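Model the full assembly from the supplied sequences, consistent with the hints where possible.
Same order as they appear, the protein sequences are chains A and L. Residue numbers for the first sequence follow the numbering used here, so the first one is 72 and each next one is one higher. Residue numbers for the second sequence follow the numbering used here, so the first one is 6 and each next one is one higher.
Note that these hints are calculated values from the structure, not bench results. As the structure is a prediction and not an experimental result, all values here were calculated from the model. Check the hints yourself; a few may be wrong.
[Claimed, not checked] In silico DSS-like pairs for lysine-lysine, Cα to Cα no more than 27 Å straight-line: (1) A:Lys-180 / A:Lys-162; (2) A:Lys-121 / L:Lys-460; (3) A:Lys-180 / L:Lys-724; (4) L:Lys-724 / A:Lys-188.
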Amino acid sequence: MLIINCPHCGPREESEFACGGEAHIARPLAENSISDAEFADYLFLRDNPKGLFLERWRHSAGCRRWFNIARDTVSHEIIEVYPMGALPRKKDALATHAASWRRDTAAEKAAERAAQKAQKPAQKPAQKPARQKAAAKKAPGKRGGK
Amino acid sequence: MGLMKAKPAAQQMRRRSSGGRIDRTKPVTFTFDGRSYQGYEGDTLASALLANNVHLLGRSFKYHRPRGIVGSGSEEPNALIRLGRGAYAEPNLRATQIELYEGLYAESQNRTPSLKFDIGAVNSLLERFFPAGFYYKTFMWPASMWMTYEHVIRRAAGLGRVADDHNDPDRYEKAHVHCDVLVAGGGAAGLMAALHAGRSGARVILADEQNEFGGWLLAENDTRIEGVDANSWIAGMVADLAAMPEVTLLPRTTVFGYMDHNYLTLVERVTDHLAERPAHLPRQRLWKVRAGQTVLAQGAHERPLVFSGNDLPGVMLAGAVRHFINRFGVLPGNRAIVVTNNDDAYRTAISLNEAGANVVVADLRIGASGPLITAAKDAGIAVMAGHAVTLADGNHRVARVEISAVNEGATQITGDTVHMDCDLIAMSGGLSPAVHLHSQARGKLAWDDRTLCFKPSATHEASFNAGACNGSFDLGAALREGARAGVKAATAAGFKAFTSIETPALDTPKQSWRPLAAWKITNGEEPGRGPKAFVDFQNDVTASDVALAAREGFQSVEHLKRYTTMGMATDQGKTSNINALAILADALGSEIPEVGTTTFRMPYTPANIGAIAARDIGHLFDPTRLTRMDEWHRANGATFEHVGQWMRAWYYPQEGETMAEAVNREVLAARTTAGLLDASTLGKIDIRGPDAAEFLNRIYTNSWLRLGIGKCRYGLMLKDDGMIMDDGVTTRLAEDHFHMTTTTGGAAGVLDWMEEWLQTEWPDLKVYLTSVTEEWSVATLSGPNAAKILEAAGIDIDLGASSFPFMSMQEAHLGGLPVRIFRISFTGELSYEINVKARHGLALWTLLMKAGTDFGITPYGTEAMHVLRAEKGFIIVGQETDGSVTPPDLNMNWIVSDVKADFIGKRALARASMSYDDRKQLVGLMTTDSQRVIPEGAHAVIDPDQPMPMEMLGQVTSSYYSPNVGASIAMAMLKGGHSMLGSKVYFPMLDGDVIEAEIVEPMFFDAKGERING
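Right under this line is the structure:
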C-alpha cells in the first residue's frame, strides 16, 4: 500500500485516495470534427506502462482534491506530486509526458484548438481549463515516438 | 476413548534426563487423537509428541502417506494439526509452532478412519497412475461432471477441516503502527540489529514468530558468545532491548506480509499459548506497520535431501533434530543416521552422540574433512564419506536404511551397499535463506554458486537483509551484519546511530558453508523408477513428478509450480523450492539461475481471517444509515430493505397481510387518497457560484441557463461515453444557487463525478459543491388528497395550481415548521416533496400522518414507490439502465439538447454505433395472462419453439402487478424494441413454461397525465 503525499494534507495512506487513471488526456469538444476512431483515443484508450506513469489521484477520504502524480509502476516509487493543469517538473516525468503517443493524436490537437477558441472571447479573466492548458503548453524535449 | 484413557501412554520415554528450555517442574497434560500424553511447559506440541515417541502425525495431501515431523518451526511441511474443539477448532496448524498448554486438544488430519489405517493410502499403491497433473489429465470431460469430481477430490486430497460452527467465538484486534525500524526475526542478526537501531533512539519493533527470541541460537549448546553460553547471551540482549523505551518486543508474532512502501502485516498470537485465556485480551492481534526502514533477519531453512523414502516419519531435518535435543531435551531416536552434503549436520551428529544415541554419518562428499568432521570422528561417530542414504524403509516409521557408496553428485551407486536398522534419519541438504519477505516486496534474488542458494539482491523498498536470511550463515558474520543493518536502518530513518560496531567474541565450531551439489540421490534404478523420493512433502510432489512435468513441456518454473502444485499452499516452498528448481534445471540441462524462481506470496505462514477482519464483522462491517423518521417506521411495523448503506422502509404490512397485499393497498391508496413516502435518502447536492448554471448545462444533457428561480427541472447525467449515469430533479433556488437531487445509491458518486470535472477539466468555472443529503429530511406526499392534507396540517402558502405550479418550489411553513416544498412527482399524482431541516424529520412525518388521518393517508415504502413509478413508465437508473443505455435507447431524445455546443456525452452520442437498429431499447410489456407477473431478468425471445441456444432479444428490467391497472405490467430492454410495438414476445421459464406478452408503450396509467394537478 502506497504512501501518497497529498499536496494539501501531507503523506497519507493509499486507502484514503482514489486513483483516477492516466493523466494529461485532453478532452476534445463535441463540435470538433474528429472521427469516431480518433475520438476513441480520448474516450477509451488508456496506457498501462511498465515504468514511469503520469496519473491522476484524488484524496477521496480527505480533502477531496485532485492532483497528478508520477509513479513508477514497477517499484511504486512516486517521484513527483504536482497540481492539476500543470506539467511535471522532474526531467524523467516530463520526458514521459512528451513521449506519449497521445501528443500526436487528432483528439489532443482538437482539444488544443478548442482551448485556443475558448480563449478568444476572453472577457472573463478565467484560467484556461486545466488539462487543456497542460496540453497547450508545448512540452520541451522531443515529441512523438511511442 | 474411555478405554484408551484408562491406559495412559508410557510417559516421555524420549525425554532426556536434563537440559532444554522446558520447565520440568510444570508437567502439562494434553490429548492427541483421543490419547492423553504428558509434556512440560516450554514444549511445543511437536517436541512433546516426540518425547512420547510419537512420530506419525498425519497423512499426506495426495497419496495419504504416513507423515511425521520434519522441521522444528514454521518450515514444517508435514505435521499439520487440527487444534481445539467445536467452534474453537482450527485446522492446518504446525505441530512445531503450537506451544503446549494444559488441556490442549489436537487431532491429526486427512485420514479416514484413523491415522494408522487410512483408506486413502490406496492412492499410494496407484502412484503410477497418479502422476503430476493427474487431475488435469483425467477429470477433463464432460465438463459438467467437474463439480462432482471436484467434490470427491477435495475430500480425498485435502488439508484440514475448518470448525463446524462457522461463527468464530474468539475476539481479534487490529493495531495500526508507525515505526522507524522494523526488525523481522529475533535471532542472532535480528537481536543485534534491534539493539543497534534501538540505541539511536529510533522507534524499533522486533518481531519473532517464536515464543522466545534467539532463533537457532536457542539450540546451539556448542556456542559461547562473549564468554557465556548462547542462551545467557540472548537473555542479556533481550534485557537490554526491554530496557529501551522506544523498542517494542513482539514475540509470538509473525511478519507475514511485505507490501509497497514498507507496509508490513504482522500477526501476534496473544493468548493461543495459554490454557486460561483472560477475557480482556484478544486471541490474536493484527499489526499493520508502516516502517521507515526494515531489517529482514528471518534466518534460513534447511533443505531436505531427496532420496527414496525420505518422507517416512522419523526422517527429519538435521537442524531440527539438534533443536529438539538441545532446546527441548528430547531425543527423537536412539539409532540415528545422519545424511548430509555439508558440515553443519555434524553438529547434530555430535549432539545426538552426546545425548546417547548411536550415530552413523553418511556424507555425500567423497573428501569430507574439516574440524567438525574430525571432532565427530574423535567422539567415536562412524563417518562414511562418499556415501548416501539411497533408500529409507519402514512402515509408519523409518526402520532401516540402505547406505551406498555414490559418485560426486550422488547420481550413481559406485560401490557397496550396506543395510542398517535405525529409528531416525537426520538429513541436511544445505541452507536456503528465508527470502520470503524480500521476495514478497518484489526484491530480486541472486544465485550464489558457493553456498548453493538464492540470496536477496536489489529491492525497491527501504530494507536491509542481515544474517542467514542474507546468506550469511556463519554466526560471526550474522552478528556483524545484524549490527551493521541496525545502524544503517536507524541512520536512514534519520537517527544518529553508533557507527562503531562491536562484534561479540565468539567460541563456536568452525565449519564450511559450502554444501555439495547433489539434488537427487539415486536409488540405483533408472530415474523415475523405484520408491518415491519427495521434493515437496506438503503437496506430495516427487522428484519424478518434476522431471515428468519438464518432459511434458511445463518447463517454465511458473508452469511447473502450477502443474505440480509444488511450493503452493500453506508451505510456500520453504523446504522444497530450491530442490525442485535444481531438479528442473537438471531435467532441462540448464542451470538453476537460468531456471529462475517463483515469487513467494503472502502470507509467509497462514494468518487467520479472523485476525485480518478483527472487529470489522457483523454490524460493524459497514455503516448503516438511518433516516430521521426511522423510529416511526419501526414502531409501525415496516419491513426494510438495504439501499446502499441506507435502511429504507420497504412496505408496512398490517396484521395478517402478505407482502403483495400490503403493497397493493399502498399503491391503491397513493392514487385514490394519499400516500406518504420517506424520501430522505435521495441524494442532495447544494451547488453554488456564479457559474453554477453553466456547470449544470455541461453536466446535464438538457438546457439549464434559462431555468427560472424557484423552478425545477428533471435532468439526465451521462458519462462521457454517452451512457446514462444518474438522473434527478434540480431546482434553482437563486441566480447562483441550485439544489440537485440524485438517486439514493448514486449520491456520493455524482458528487465525486462533478468534483472531478470542476477540478480537472473546468477549473475556470466558479462553482462549489456541498453534499446536503443528511441536512434535509424529506416526506413525499402524493395523491388526490395531498393538498387537502397540507391545508389540514396548516400551510401558509396558496397551493392552487396557478400560484404553485408543477415543477416549482416554494418555501413555506407547515404546522409551524419551516419547509421547502417541491411540486414534483415520481408517481404521476399531485405530489409534494416536503423538505425540512433534518432534525425536524420525525415531527414533519407525524404531523402529516396526523393531518392526513381523515383523508386516508397511507405510508408507503420503496416497493410501492417502484410500482407507482412503473405504472407511469418512469425509469430507475440502475434498474432500467446498466451503463450501456443512452437517452435515445429510452426514447428520451426530448431531454438531449440539440443546441448546446457541448455537454458530457454529446460527442459520444454521435458515434455511429449509437444509432444501430439492434440496440436494446426500452419498451412496456402487457402479459396475455394479465395476472401473470414476469420475473425480472427474464429473457425475451421472438419464437419460443426455436432450437437452443435461442436468440435473446433482451431482458425484463421492471415487473410488477399493478392494482391500479388491474394487470401485470413490465418494462424491458429489447433489441430494436421501439419498432416492435404491438408484437408478441415470449419468456421461456426454467420449468419449461412460456409467458407471452405484448410490446406496448411503457406507460400504463393516466397516459395523458391528467392527474398531476389532483
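Now the hints, each set against the structure:
1. A:Lys-180 / A:Lys-162: holds, 24 Å
2. A:Lys-121 / L:Lys-460: Between A:Lys-121 and L:Lys-460 the Cα gap is close to 25 Å, so the pair holds against 27 Å.
3. A:Lys-180 / L:Lys-724: With a Cα-Cα distance of about 22 Å, the restraint between A:Lys-180 and L:Lys-724 holds, given a limit of 27 Å.
4. L:Lys-724 / A:Lys-188: Between L:Lys-724 and A:Lys-188 the Cα gap is close to 24 Å, so the pair holds against 27 Å.
Going down the numbered hints, you'll see the structure goes against none, and every one checks out.
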